[in-house]
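2 protein chains.
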Amino acid sequence: MSPREIEVSEPREIGVTELVLRDAHQSLFATRMAMEDMVDACADIDAAGYWSVECWGGATYDSCIRFLNEDPWERLRTFRTLMPNTRLQMLLRGQNLLGYRHYNDEVVDRFVEKSAENGMDVFRVFDAMNDPRNIEHAMAAVKKAGKHAQGTICYTISPAHTTEGYVKLAGQLLDMGADSIAFKDMAALLKPQPAYDIVKGIKDTYGTDVQINVHCHSTTGVTLVSLMKAIEAGADVVDAAISSMSLGPGHNPTESVVEMLENTGYTSGLDMDRLLKIRDHFRDIRPKYRNFESKTLVDTNIFSSQIPGGMLSNMESQLRAQGAEDRIDEVMAEVPKVKEAAGYPPLVTPSSQIVGTQAVFNVLMGPYKRMTGEFADLMLGYYGASPAERDADIAKLAAEQTGKKLITCRPADLLEPEWDKQVEEASKLPGFNGTDEDVLTYALFPGVAPTFFEHRSEGPKNVGLSEAQLKAEAEGTTSAAVSGPISYSVTVGGTSHEVTVEPA
Amino acid sequence: MSPREIEVSEPREIGVTELVLRDAHQSLFATRMAMEDMVDACADIDAAGYWSVECWGGATYDSCIRFLNEDPWERLRTFRTLMPNTRLQMLLRGQNLLGYRHYNDEVVDRFVEKSAENGMDVFRVFDAMNDPRNIEHAMAAVKKAGKHAQGTICYTISPAHTTEGYVKLAGQLLDMGADSIAFKDMAALLKPQPAYDIVKGIKDTYGTDVQINVHCHSTTGVTLVSLMKAIEAGADVVDAAISSMSLGPGHNPTESVVEMLENTGYTSGLDMDRLLKIRDHFRDIRPKYRNFESKTLVDTNIFSSQIPGGMLSNMESQLRAQGAEDRIDEVMAEVPKVKEAAGYPPLVTPSSQIVGTQAVFNVLMGPYKRMTGEFADLMLGYYGASPAERDADIAKLAAEQTGKKLITCRPADLLEPEWDKQVEEASKLPGFNGTDEDVLTYALFPGVAPTFFEHRSEGPKNVGLSEAQLKAEAEGTTSAAVSGPISYSVTVGGTSHEVTVEPA
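In the order they appear, the protein sequences are chains A and B. In terms of UniProt numbering, the first sequence opens at residue 1 and continues consecutively. In terms of UniProt numbering, the second sequence opens at residue 1 and continues consecutively.
Read the hints as simulated data drawn from the structure, not as lab findings. Positions of the beta carbon are idealized from the N, C-alpha and C atoms, including for glycine. It cannot be assumed that every hint is accurate.
Stretch-level coverage of chain B by chain A, calculated; a stretch enters the list once three of its residues show a Cβ under 8 Å from a Cβ in chain A [as the list claims (entries may be wrong)]:
hint, region
1, 186-197
2, 249-256
3, 292-301
With a cut-off of at most 27 Å between alpha-carbon atoms, the simulated DSSO-like pairs for lysine-lysine come out as follows [stated by the list, open to error]:
hint, chain 1, residue 1, chain 2, residue 2
4, A, K471, A, K461
5, B, K143, B, K168
6, A, K295, B, K295
7, A, K471, B, K295
8, B, K471, A, K295
9, A, K277, B, K295
10, B, K277, A, K295
From the derived model, a few chain A residues whose C-beta atoms are all more than 12 Å from chain B [claimed, not checked]:
hint, residue
11, A43
12, G119
13, V448
Please take these sequences and the hints and turn them into a complete structure.
Structure below.
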């Protein structure tokens with residue numbers, strides 16, 4: 001029995017980053033929340049006392065132009081206007097920006113410059129491989145723009161990942177001028193003890209002045225405890241989502257973070273009255289998006305399988321398409337082998353899809369008989385360095401199958417200048433408005449941008465349920481009760497009829 | 001900044017009490033789970049390595065005879081048979097047993113004796129007022145039966161409740177021979193720091209050998225952290241519910257407790273493979289009961305209002321019945337005054353209803369112009385001692401309005417022997433089976449027992465959705481879409497018909 005003594009002399013203020021405008025609805029209902037459902041909460045969010053408000057990122061940008069017919073830059077400017085007193089924060093995929101490939105440095109510069117100009121304050125810059133070289137240029141661009149550059153570590157568990165390794169990575173990010181370090185646990189894998197050890201390791205090594213932000217999802221049910229332990233180890237800011245938009249695959253509830261800290265020697269300094277108003281706002285909004293909601297409540301499977309939920313369902317649907325759904329157990333057994341061969345990349349977008357698809361290929365066609373282009377690229381260094389050595393024989397095979405060479409440099413060093421070409425192509429699109437912001441939209445999402453530009457003038461589209469639909473559902477007397485063709489036997493005046501009913 | 005050092009030399013085993021068979025379904029869907037939906041999980045529960053399995057209590061007993069047409073004693077015997085290696089645990093309301101009034105000591109003796117005989121191992125004995133005199137006789141009866149007597153402290157927050165007070169109460173329970181102390185946080189009010197302080201206070205005062213069990217609900221979202229802090233302070237056993245039956249107004253997920261402890265210097269010793277089987281079983285069962293489900297996800301309101309959710313909705317419906325729903329704010333402001341006048345009783349059944357109803361009366365008719373019989377009894381000592389002094393003037397008024405005297409003795413000391421009368425009355429009921437168990441059922445639930453005895457032979461009734469209903473709902477093409485007779489005006493070929501449709 002070793003109770004830990006409390007020796008805190010006066011409350012230390014812990015900052016909170018509110019996630020409701022970005023990661024919360026991304027995790028809970030596929031990033032579908034329309035701007036019109038957020039604006040009325042902004043005044044309270046602005047006044048609540050958050051350290052920052054995360055409100056922009058790859059998925060929100062994508063969803064804006066793909067589903068919501070909203071200009072993501074307009075969304076950013078609106079946030080800036082409605083929350084003048086708040087640090088606006090975004091998630092940036094390093095050299096990938098908000099897209100799915102590496103961009104030339106000039107594109108990175110322009111994107112960061114425009115984001116800063118439109119109102120962004122804090123750039124949380126990460127790379128799925130945790131390769132600092134993929135983060136470095138974006139960080140420099142943020143610093144050049146005079147904004148807060150947050151160097152980010154993606155957390156995963158593997159034989160190649162140790163407390164010491166994470167501490168070392170934090171040092172590399174600090175060396176490139178990071179204003180703070182974010183520790184990003186996107187799969188809710190971070191348990192209390194490693195949370196404590198890693199944060200303490202960074203503080204002990206680089207000094208208590210180094211600001212550490214901790215981001216956890218709540219999927220496995222343990223991470224509020226991890227946030228507490230991170231705070232005890234010295235973390236400065238923790239991420240949370242207002243309670244009505246929390247838990248499941250989302251995040252820990254903001255109000256619970258506030259209450260948790262009472263009398264512990266830490267305090268959030270948040271205004272609970274404002275929080276409750278924000279909560280009520282989104283409590284009323286959330287049901288509109290129920291058709292996009294995930295069913296997950298708590299899931300600790302990932303601790304043993306190491307396979308995130310989204311990756312599993314991807315592999316299942318790939319097998320189903322091949323009529324081989326009975327081979328999922330073989331694929332699940334193959335994943336750790338592929339992961340090891342690839343040098344233990346964290347399994348997040350896009351590495352999770354790349355590893356998962358190759359595992360499916362290996363089971364269906366024999367080990368590495370055929371590699372996907374993306375897996376070959378991963379093995380040949382085109383996504384950056386892996387956390388551990390990659391399998392040299394499989395890398396050789398990848399070179400043979402693709403005719404590509406193995407590289408060890410920063411992948412973006414091989415890219416040609418592309419800005420002028422992007423401008424030229426974007427300029428030809430109907431509806432292009434002539435701004436650099438539109439060029440960036442095209443550069444990031446060349447497949448979606450043309451349609452968006454063409455239809456932008458039609459204005460935002462809300463994909464949630466309407467008030468009338470919600471009311472009808474609540475009353476249970478509704479045309480929506482009949483969601484597909486239903487056959488009834490209907491008797492009228494003694495005569496029976498077969499009647500089929502479906503929504504008009 | 002004051003990180004707390006880890007100085008644990010080797011893992012200390014933390015016991016876990018599984019709540020899925022009692023409090024989990026009581027909190028999540030009004031105690032409606034039928035025994036047939038539990039039996040198939042019992043082998044895995046029995047083998048998982050729990051410290052105990054809570055499976056019986058007032059609400060399960062009540063629900064068995066009121067809704068499920070199950071004999072609660074038969075349920076207990078079935079659990080005993082199916083889980084031969086497990087400590088079965090029940091929640092006992094001290095001198096109230098499983099009912100809503102104080103019983104004569106002989107009835108208490110017989111109830112405990114029969115429960116032990118039918119298979120109960122651990123008796124968690126509590127009193128809503130935290131008056132040890134209401135617990136003492138039941139505790140003695142448990143010890144006489146050779147079973148585990150767990151003295152219980154109900155946690156609440158009030159000016160009359162301090163860490164020192166809880167530590168003192170634990171001492172009184174130990175003095176009456178408690179084999180362990182349960183700390184029961186039924187409203188999810190227990191924050192991390194008091195959890196640490198109180199557990200540490202008890203261990204420091206009475207020795208580390210004193211076993212402490214901690215029970216928290218999860219409603220406010222903070223209590224898994226509280227369990228961690230309680231463990232760090234020396235708690236021996238924590239309560240949890242398997243993840244598929246966790247969170248909301250329920251409890252923290254069992255698997256999350258296991259994972260949380262990894263490498264912390266503590267370990268649960270639970271078998272995760274078994275846990276996942278238990279989880280899958282109840283994941284499949286839970287949707288059957290969705291019509292009874294609470295909608296609460298996280299709610300921190302109780303920290304500021306001090307009014308539990310159930311109490312609030314009670315008061316609202318009382319006001320509505322009087323056409324005075326607009327006066328809820330006045331009533332909410334009145335509650336703290338009534339609570340103070342009554343000497344700060346914890347607000348749990350039945351004190352929450354008693355205080356709430358009196359607050360409504362005070363607002364509608366003027367302060368204490370008319371007292372409910374129950375509130376007068378509370379003021380006059382008939383529920384036991386209050387945590388703090390009661391208002392003497394209002395107590396005097398209660399005596400005047402009711403003609404009753406203020407008492408300071410143990411309330412049950414005033415009760416006449418009643419066993420023979422209970423036997424006599426029960427014996428006359430159709431369907432009475434002649435056992436002491438049936439007499440107890442009648443004594444505890446005199447209003448419900450007669451109907452139950454009469455219909456018992458019809459066998460258990462499952463109030464959940466059937467598999468066919470669930471399947472139809474899942475497919476969305478369903479006769480269940482029309483849940484009652486609906487009249488349509490249908491026009492076909494220009495002729496209008498009144499048509500009524502209902503499920504075939």
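Worksheet item: Would you say the region 249-256 of chain B counts as covered by chain A, given the rule of at least 3 residues with C-beta under 8 Å?
Response: holds (count 4)
Worksheet item: G119 (chain A): least C-beta distance to chain B exceeds 12 Å?
Response: It holds; G119 (chain A) is separated from chain B by about 31 Å at its closest Cβ, greater than 12 Å.
Item to complete: Report holds or violated for chain A covering the region 292-301 of chain B, Cβ cut-off 8 Å, minimum 3 residues.
Response: Holds: 5 residues of the region 292-301 of chain B have a Cβ under 8 Å from chain A.
Discussion item. Just to be careful, I want the Cα atoms of K295 (chain A) and K295 (chain B) compared with a cutoff of 27 Å; is the pair within it?
Written reply: Holds, at about 14 Å.
Practice prompt. Sort out whether K461 (chain A) lies within 27 Å of K471 (chain A), counting only the CA atoms.
Written response: holds, 20 Å
Worksheet item: K471 (chain A) and K295 (chain B): Cα distance at most 27 Å?
Response: holds, 17 Å
Worksheet item: Is the straight-line distance between the alpha-carbon of K277 (chain B) and that of K295 (chain A) 27 Å or less?
Response: holds, 19 Å
Worksheet item: Holds or violated: are the alpha carbons of K143 (chain B) and K168 (chain B) at most 27 Å from each other?
Response: Between K143 (chain B) and K168 (chain B) the Cα gap is close to 22 Å, so the pair holds against 27 Å.
Worksheet item: Is K471 (chain B) close enough to K295 (chain A), meaning Cα to Cα at most 27 Å?
Response: Holds - the C-alpha atoms of K295 (chain A) and K471 (chain B) are around 17 Å apart, at most 27 Å.
Worksheet item: Mind checking, does the region 186-197 of chain B have 3 or more residues with a CB under 8 Å from chain A?
Response: With 5 residues closer than 8 Å to chain A, the region 186-197 of chain B meets the three-residue bar; holds.
Item to complete: Against chain B, does V448 (chain A) hold up as non-interface, every C-beta pair farther apart than 12 Å?
Response: holds, 30 Å
Item to complete: Taking the shortest Cβ-to-Cβ distance between A43 (chain A) and chain B, state whether it exceeds 12 Å.
Response: Consistent with the label, A43 (chain A) stays out of reach of chain B, its closest Cβ about 21 Å off (over 12 Å).
Every hint, counting from the list given before, is met by this structure.
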